[in-house]
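Enquirer: Just so you know, we're using the numbering used here here: the first sequence kicks off at 1 and counts up by one.
Hints listed in this document are in silico derivations from the structure and should not be mistaken for laboratory results. For each residue, glycine too, the CB sits at the ideal point set by N, CA and C. Be careful, since some hints might not be right.
Simulated DEER-style distance windows between Cβ atoms [claimed, not checked]:
(1) F373 x N59: 30 to 38 Å
(2) E394 x N59: 28 to 36 Å
(3) N59 x K11: 42 to 50 Å
(4) L343 x V469: 40 to 48 Å
(5) G216 x K130: 12 to 20 Å
Cross-link-like lysine-lysine pairs, in silico, DSS-like; alpha carbons within 25 Å at most [claimed, not checked]:
(6) K329 x K391
(7) K155 x K72
(8) K329 x K56
(9) K90 x K267
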Amino acid sequence: MRIYNTMTGKKEEFVPVTPGQVRMYVCGITVYDHCHIGHARSAIVFDVMRRYLKYKGFNVTYVKNFTDIDDKIINRAKQEGITWDVVAEKYIEAYYRDMDSLGVAGADIEPRATGHIREIIDFVKGLIDKGYAYEMQGDVYFEVEKFADYGKLSKRDLDDMLAGARVDVNEKKRNPMDFALWKASKEGEPAWESPWGPGRPGWHIECSAMSRKHLGDTFDIHGGGADLIFPHHENEIAQSEAYTGRPFVNYWVHNGFITVDREKMSKSLGNFFTIKEILNKFDAEVIRFFLLSTHYRSPIEFSDEQLRESEVSIDRFYTTSARLSDFLKQDHSREKACPDEKLLIDLLAKFRDKFAEAMDDDFNTALAIGHIFELIRVVNKYLDGKPSGRKAVELATKTGDFLKEAGGALNVFRRTPEEWSRALMSIKCPELTEEFIMTRIGDRQAAREKKDWAASDAIRKELEERGIVLEDKKEGTGWKVKISG
RNA sequence: GGCGGCGUACCCAAGUGGCUAAGGGGGAGGUCUGCAAAACCUUUAUGCAGCGGUUCAAAUCCGCUCGCCGCCUCCA
């Protein structure tokens, strides 16, 4: 399989350090606020990578950290009149709630910065000993000029950056680009004892210390949002490679941004939507599907229309899924081939390869989803031919299995059509009950038997206005939550 | 200013040298249906921002132009 590496700017054949084993580290969140959909994208994208690598048979160790101490957390604690650790705890809990609903599994190891103060201090000490860092009034800074490769990930050199000069003037630094490894704490701020006095870790050092502890000096994949390339990941490389003298990471993987009105969604612009608020209007699977329907490195424009389109697509999937299971429940004592069965047979023969090929090419979930919908169309056409018998059951079963398998790798399409329907109902028409709908369908059926089309259509219209569409089929009348418009 | 990315139909979106340019939504026509809905079929890009170039062959490589965006400051 091939993975795009930010370091080289190319897709590269993926070769893990240890055959059969993948070690990956993804930068998690700073826990000072609710997650927005940008965090959801990163979480889902790397969740899919991890799932797919496992699906391919790799033994994956996935580490994702929580930054649970920094200025933003301290500020939030002041605002809310609680301590920093309560803030962290509160938003870690909120994070888990959001991730749970989005189908994002927990990482194998979820280290917190404050749980690794000793490792961090050792790391900083080592950098000072090796001459890459210096202490200044209780702060410790990494000296970027000492690290020859500084800028290799983000493709910039120190002189250019200094010329741009939107950097802090800080008298304590030898070079304005030097960054803090350790920060002396002010009076009343959270502090840990260190050789340089009471203080707390800088932002970047935790990832170097924790990834090394849990994954070793050199590991396979390091990921995060594209906005972490500089300075965060650049600084991690400097720290880690200066400390160990070894290559830090083999594949750097970064997801693209979510935009609103073509502008990056971000905290500072204030144009963000939290996962929590989107979940009031859409099912979590809609968010997940939406984020996977575009390649992970491309920007995605976020809007209600886009989510609605995703909702329609998912509904199409579950409609076919229901159709398949209904079909399998039918009487198949009579053997009848469908004239279009060759199309389905051919596609089934290729489907798993096509799906894997898409995912193998830098996790092309958009293409993979396209293949799923191609299969949906072909099997619908097949079922339209009203086949029956052993062969038909076999083909339908196989189709269902493949759809389940592909959906499983992406962690979408894993519910029953009934569960999907109930989920939609609780969002779109929570005041209705299935009992009520069934009663009205019964009333309408009575009218239909009397060929009282006016009465029958009135009931159908009434239900549609309340968000339910009816479908008359041979076996009886079915209903669905209306989603378009 | 430095560095990077993007521009594919009415909309979203795959495709990065060679089979008829995936898939979804929308539109139009049709099959099915009491009428619908769903599903299916046909149709909707001789063309991939524009202009040049390389090549037997380009949406795909190179150059220029136009437009949009990102990073260079906390940020997924």
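Enquirer: If a hint holds in the structure, say so; if it does not, say that too.
Expert: Here's how the hints hold up against the structure:
1. F373 x N59: 30 to 38 Å: holds, 32 Å
2. E394 x N59: 28 to 36 Å: holds, 34 Å
3. N59 x K11: 42 to 50 Å: For N59 and K11 the Cβ distance comes to about 23 Å; the hint is violated.
4. L343 x V469: 40 to 48 Å: violated, 29 Å
5. G216 x K130: 12 to 20 Å: holds, 19 Å
6. K329 x K391: Holds, because 14 Å separates the two Cα atoms, which is no more than 25 Å.
7. K155 x K72: Measuring from Cα to Cα gives roughly 28 Å; hence the hint is violated.
8. K329 x K56: Distance ~33 Å between K329 and K56 Cα, so the pair is violated.
9. K90 x K267: Answer holds: K90 to K267 is near 19 Å, not above 25 Å.
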